[in-house]
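Order-wise, the sequence lines are chains R and C.
The numbering of the first sequence is our numbering, which starts it at 1 and goes up by one.
The numbering of the second sequence is our numbering, which starts it at 1001 and goes up by one.
In short, the hints are calculated from the structure, not lab data.
The reader is advised that the hints may include incorrect statements.
As the list claims (entries may be wrong) - A few chain R positions that, by computed beta-carbon distances, are all more than 10 angstroms from chain C:
no., residue
1, Met-29
2, Tyr-101
3, Asp-164
4, Ser-239
5, His-258
6, Ser-306
7, Glu-335
8, Leu-346
9, Leu-408
10, Arg-423
As the list claims (entries may be wrong) - With a straight-line Cα cutoff of 20 angstroms, these simulated EDC-like cross-link-like pairs (lysine to aspartate or glutamate) come out:
no., chain 1, residue 1, chain 2, residue 2
11, C, Lys-1031, C, Glu-1139
12, C, Lys-1009, R, Glu-422
13, R, Lys-180, C, Glu-1139
14, C, Lys-1031, R, Glu-91
15, C, Lys-1009, R, Glu-87
16, C, Lys-1059, C, Glu-1139
17, C, Lys-1031, C, Glu-1075
18, C, Lys-1030, R, Glu-35
19, C, Lys-1009, R, Asp-232
20, R, Lys-357, R, Asp-255
21, R, Lys-180, C, Asp-1091
Backbone N, C-alpha and C define an ideal beta-carbon position, used for all residues, glycine too.
For reference, the chains in residue letters:
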Amino acid sequence: MKVSPLAIILAGLLGLWESVTAQVPIELMATNRLEYARQQGGHTDRFDNWLDGDLWLGASRLGFRLEIHQGNPAEESQERLSQRFLEYRHEGLRIRIGNFYEKIGQGLLFQAFELQNLVLDRVERSLVLDRNADGVWIEWMGNRVEGRLFSARPLGPFGTGRADVVRGLDANVWLWDRLKVGGSALRWNPPSWKGISQIGLWATRAQWISGPIVASVEYAWSRGPHGPDFQDGQALYGSLTLTGSGLGLSVEWKDYRHFNLPFNNPPTLVPIHSVTLLNRHTHVLRAEDEKGFQLEGTFAPVSNLSFVLNLNGASNHISWRDSRYWETYFEARYEVLGRWMGRIILDQAEDRLIGEKSRRTLALEFERYVSQEVSLFGNLQIQRVRRLFGPAYWNRLVVLSFSRSPGLSVAVQADYSSNPTERRRILWATTLSLTIRGRHQVTVMGGGRRAGLACSGGICVLMPEFRGIELRISSHL
Amino acid sequence: LNQSPLDRKAPDFRQRDINGRVIQLSQLLKKGPVLLNFWATWCGPCLKELPYLDAIGRKYRARGLNVLAISEDGEEATPRVRSFIKGRRFDLVVIVDRNRELYRLYRVAVLPTSLLIDSRGRIVWQHVGYRPGDERILERQIVNLLEQSSEQAP
């Protein structure tokens, strides 16, 4: 595989730029992400690079993203300027022309989002990783009034084309410093979605903040041409948080009916865990018909001992069948700062929609400071899955790692599964991670990683199985 | 692997914290240096680092340091983030990054990432990732910056 000449030229220009602009009040801020993977078996390899840059001239910003994708065999190389925008910022005002991301309210109506740091194969990447919009976007954020106005063409569901047009307005007002009320209105012309000409989306919301009590509610509805492909939809989301010293309690609930949208799903209310096995089979939302809740309590009787209890559940219907999802999560954590940390996690879940009768997980973590810079970390996860149809099976994961501050860590991982649908029972992986000058993160992984959901920022995507060598370099330039 | 000195623009921003207060970076910088930390509740290394950031924030607050913990969990996780922060007794100013705007504004690539900003609005130090022991390096950088600030003060 050849290295792109464009990448070399660009790297050179960046170096030159840094030297030149040291003397003038123009600044470049950039991040480069490089990923190279060589997969065993088919002997395929791929190279991906994203260069994000901002050129700052006073209050104005010229931003761009350059993407390079190359792969073997039989894949067409791509080099493209995938994003560019001009933005003006002054106090609470922002005006942008070009590519942008946006989320309205809690994300019920519209989320133009991006998932970084997830490696997918070429087909799946374009499906979910980047859903930016291209157009005009204006924001005002004052002390009491905030609002957004935009007109744009979001990136199509397969990463190509911008056939849809969406126009939106979102406004919120703060009253007496405690009460926020607001609303949103969007008009969507989605010719790429079921051939529907126009959908109207609206939302209204309120939030009350009073010291230890925070309550919020958002109601959204959609209207479009009635027919076999579309029904008017509605969505309700609410939350209540109570906090005290060493105690936090949050309750959330959702009720979605026919709330299928052309671009995104509303929030799932299912937590993203820091435990690998728990994230591998997380609940997938069905916005056509789903009700659910989440309750989480955090309690710290003393500063170095904490407990977390999370209950979350959902129910929906598929044809004649009720489908239920339920999860109970408990975590206890104790640490002596600078010496050692221990964490135990117990989780039980049931997800009829994906055919799981029960899933029980135990996770243990232990970290020991050997010296001020050196530490050892161990993580054991055991999971028993019973299915509605088919045999029960075990998943087990063991991770041992060594780290030396500030720049080096090495981890060895063994991943066992007796699931008959898995091609391999044991997958081994070794990961070396280096932080160089605080600005460059280099990670090399050799071995195997199982397929499953990978979640980030409330959004989960399915990752394919991988066996081979993978290199990632993230740099702040 | 050593840290190198930086001198880069810290773009100004305005967002609300989890208590609804408007936080503007340029206003905070009038009081002293600011430490920005990008984290998430699902990020294991971030959760290990947070207790140290909390301790550092408490220790140097009287000398003008402000620690801003910027959560990348997404707006829909705000109730859980609020419950987590109060439940763990953390005394940090927390912003749930609206649509990852600050993440993109500062061109963050991995979590956690820490950026130390001096009173002139310049990023003078940054660190990506967290390994046990990194907190000592961070504290050393903060002390150096606070000492420089007090020497330059009239």
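Checked hints:
| no. | hint | result |
| --- | --- | --- |
| 1 | Met-29 | 6 angstroms, violated |
| 2 | Tyr-101 | 6 angstroms, violated |
| 3 | Asp-164 | 19 angstroms, holds |
| 4 | Ser-239 | 4 angstroms, violated |
| 5 | His-258 | 20 angstroms, holds |
| 6 | Ser-306 | 5 angstroms, violated |
| 7 | Glu-335 | 7 angstroms, violated |
| 8 | Leu-346 | 18 angstroms, holds |
| 9 | Leu-408 | 7 angstroms, violated |
| 10 | Arg-423 | 28 angstroms, holds |
| 11 | C/Lys-1031 <-> C/Glu-1139 | 19 angstroms, holds |
| 12 | C/Lys-1009 <-> R/Glu-422 | 49 angstroms, violated |
| 13 | R/Lys-180 <-> C/Glu-1139 | 38 angstroms, violated |
| 14 | C/Lys-1031 <-> R/Glu-91 | 18 angstroms, holds |
| 15 | C/Lys-1009 <-> R/Glu-87 | 16 angstroms, holds |
| 16 | C/Lys-1059 <-> C/Glu-1139 | 10 angstroms, holds |
| 17 | C/Lys-1031 <-> C/Glu-1075 | 28 angstroms, violated |
| 18 | C/Lys-1030 <-> R/Glu-35 | 40 angstroms, violated |
| 19 | C/Lys-1009 <-> R/Asp-232 | 48 angstroms, violated |
| 20 | R/Lys-357 <-> R/Asp-255 | 24 angstroms, violated |
| 21 | R/Lys-180 <-> C/Asp-1091 | 24 angstroms, violated |
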